[in-house]
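K.L.:
Chains as they are written, first to last, in my numbering: chain D, 1 to 159; chain H, 1 to 87.
Bear in mind the hints are in silico, worked out from the structure with no lab data behind them. Given the structure is predicted, the values throughout are model-derived calculations rather than measurements. Wrong hints could be hidden among the right ones.
Lysine to any residue pairs mimicking SDA-like chemistry, simulated, CA-CA at most 20 Å apart [unchecked claim]:
#	chain 1	residue 1	chain 2	residue 2
1	H	K67	H	G44
2	H	K67	D	H151
3	H	K67	D	R69
4	H	K64	D	P60
5	D	K131	H	P83
6	H	K67	D	D65
7	D	K131	H	W12
8	D	K131	H	S20
9	D	K131	H	K19
10	H	K19	D	G90
11	H	K64	D	R125
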Amino acid sequence: MTGADAHRIKVRIQHEDFDAAAEVAALTKGRLDVGAVVTFTGLCRNEGAKLTALELEHYPGMAEDEIVRVAAEAQTRWPILGGVAIHRYGKIAPGQNIVLVVIASSHRAAAFEAAEFMMDFLKTRAPFWKKEHLTDGGEGDWVEARDADDHAADRWRKA
Amino acid sequence: MGPELKLSYFAWVRERVGKSDETLTPPAEVRTVADLIAWLSARGEEYAYAFDNPTVIRAAMDRKHVKQDSAIEGAREIAFFPPMTGG
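Here chain H stands alone, though its shape is the one from the complex (with noise of 0.2 Å):
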């Protein structure tokens, strides 16, 4: 197993997971955030229907955007969101 890690997330992927932020413990083979979504998504359908367009869905690591090809090593939060719609 690997780290703890907490996972937020915002807007409509918040509402489709049904939980702001929760703290797991990912195994050790989830090495980029793409790894992670696809975690995820096997964890239970509200999961499967928040990442069910994968290419739509932004990251961040301890509140920078990153890529899904990013490693998530040694990240303490990563948040998951729409594309941003804000000013």
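Bound-form chain D, shown alone (with noise of 0.2 Å):
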């Protein structure tokens, strides 16, 4: 692969909301080449009011490293002509957003198939934990692992 399409999906990790409209503007203006563009955003859920907010904790470095080198697998799989994923952390209130992945290509399978396995594999790879606060004033978990993440991500192994 060379530099420039290792840096075809751009990564960012930060506190501040993102604004997913305007990623997707920034990524498609002036081409003519895009025919595809799949948008992702994760939220908080308020899990039938029983959070006040999520706090995500990460590991800064390799939070950012893990998500290149999900990007970096991507660009070999699928023909992808630009992306973005951004990745927040610390405190998250319900309806706040939490991740957006964006891909562009020129037609859709591409985009959707290549979203998916960003997300799916960003789950399971990316040091990212979450922390629950109570409603109640409470000190909540930490959210546990999902086994049905695992299961996503491994059916994108190649035989």
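Relying on the hints, combine the two individually framed chains into one complex.
P.N.:
Structure representation (structure tokens):
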């Protein structure tokens, strides 16, 4: 893979919110080769009014490195024209954004698949952990990893 | 004695150990990540609590995921944490 290709998907780790529409606009501005853009936004749920917030802890440096590695792998599998992956950290309230993946390609299949691949591996490989803040003021638990997420990532493994 | 090693802890591993990072000098016979977990567990009850179920603990060496049977020779930083829950 060439150096330019390796950076076709931009990765950002930040506390600040993001604007999905602005990211898509920046990605497609002036481009006539993009025929498909898939955008995934992950938000904080309140889990039936149980939570006031999620606290996202991350491993600085490795969080970005790991998402860059996932993005590089996606680029070896699909003809991706551009993309953005943003993961937030810190305290995030229900209704607020946590993660954004945008993938641009010439055709929809590559964009859909690459975006799903990015999310499946980001969930199981990027060093982030969620702690619950409870509505009743008590200290919540750390969110447990789900087997379903491991299975979702496993199905992309090549035979 | 082996070289100095930065250890980092995240999420409930950090809470149980009671610190986010430290620099230690494990003895030379600590060769793998699993050896390091066993050595730490014997250092005090906070470590024993953090590593009481070693099979769930994930590790990274110099910011890359590694398995527990990986050799730690040459590592500058090793991090321990629970399975990840981002996204």
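K.L.:
Does D/R69 lie within 20 Å of H/K67 when you go C-alpha to C-alpha?
P.N.:
Holds, at about 18 Å.
K.L.:
Going straight from one Cα to the other, do H/K19 and D/G90 come out at no more than 20 Å?
P.N.:
holds, 18 Å
K.L.:
Is the hinted pair D/K131 and H/P83 satisfied, with a Cα-Cα distance of at most 20 Å?
P.N.:
The hint holds at about 13 Å.
K.L.:
Does D/H151 sit within 20 Å of H/K67, going by the straight-line distance between their CA atoms?
P.N.:
Status holds; Cα separation ~19 Å.
K.L.:
Holds or violated: H/K67 and H/G44, Cα atoms, limit 20 Å.
P.N.:
Judged against 20 Å, a Cα distance of about 24 Å means the pair is violated.
K.L.:
Would the pair D/K131 and H/K19 pass a check requiring their Cα atoms to be no farther apart than 20 Å?
P.N.:
Given pair D/K131, H/K19 holds - Cα atoms ~17 Å apart, limit 20 Å.
K.L.:
So if I understand the rule, the pair passes when the alpha-carbon distance is 20 Å or less; does D/K131 with H/S20 pass?
P.N.:
Cα-Cα ~16 Å, so holds.
K.L.:
Quickly compare the C-alpha distance for H/K64 and D/R125 to 20 Å and report which way the hint goes.
P.N.:
Holds, at roughly 10 Å.
K.L.:
Below or equal to 20 Å on CA atoms is what counts here, so check D/K131 against H/W12.
P.N.:
holds, 9 Å
K.L.:
Compare the distance between the alpha carbons of H/K64 and D/P60 with 20 Å, and conclude whether the hinted pair is satisfied.
P.N.:
The given pair, whose Cα atoms are some 12 Å apart, holds under the 20 Å limit.
K.L.:
So if I understand the rule, the pair passes when the alpha-carbon distance is 20 Å or less; does H/K67 with D/D65 pass?
P.N.:
With Cα atoms ~18 Å apart, H/K67 and D/D65 stay inside 20 Å; holds.
Figure legend: structure checked against the earlier numbered hints; the only hint not met is number 1.
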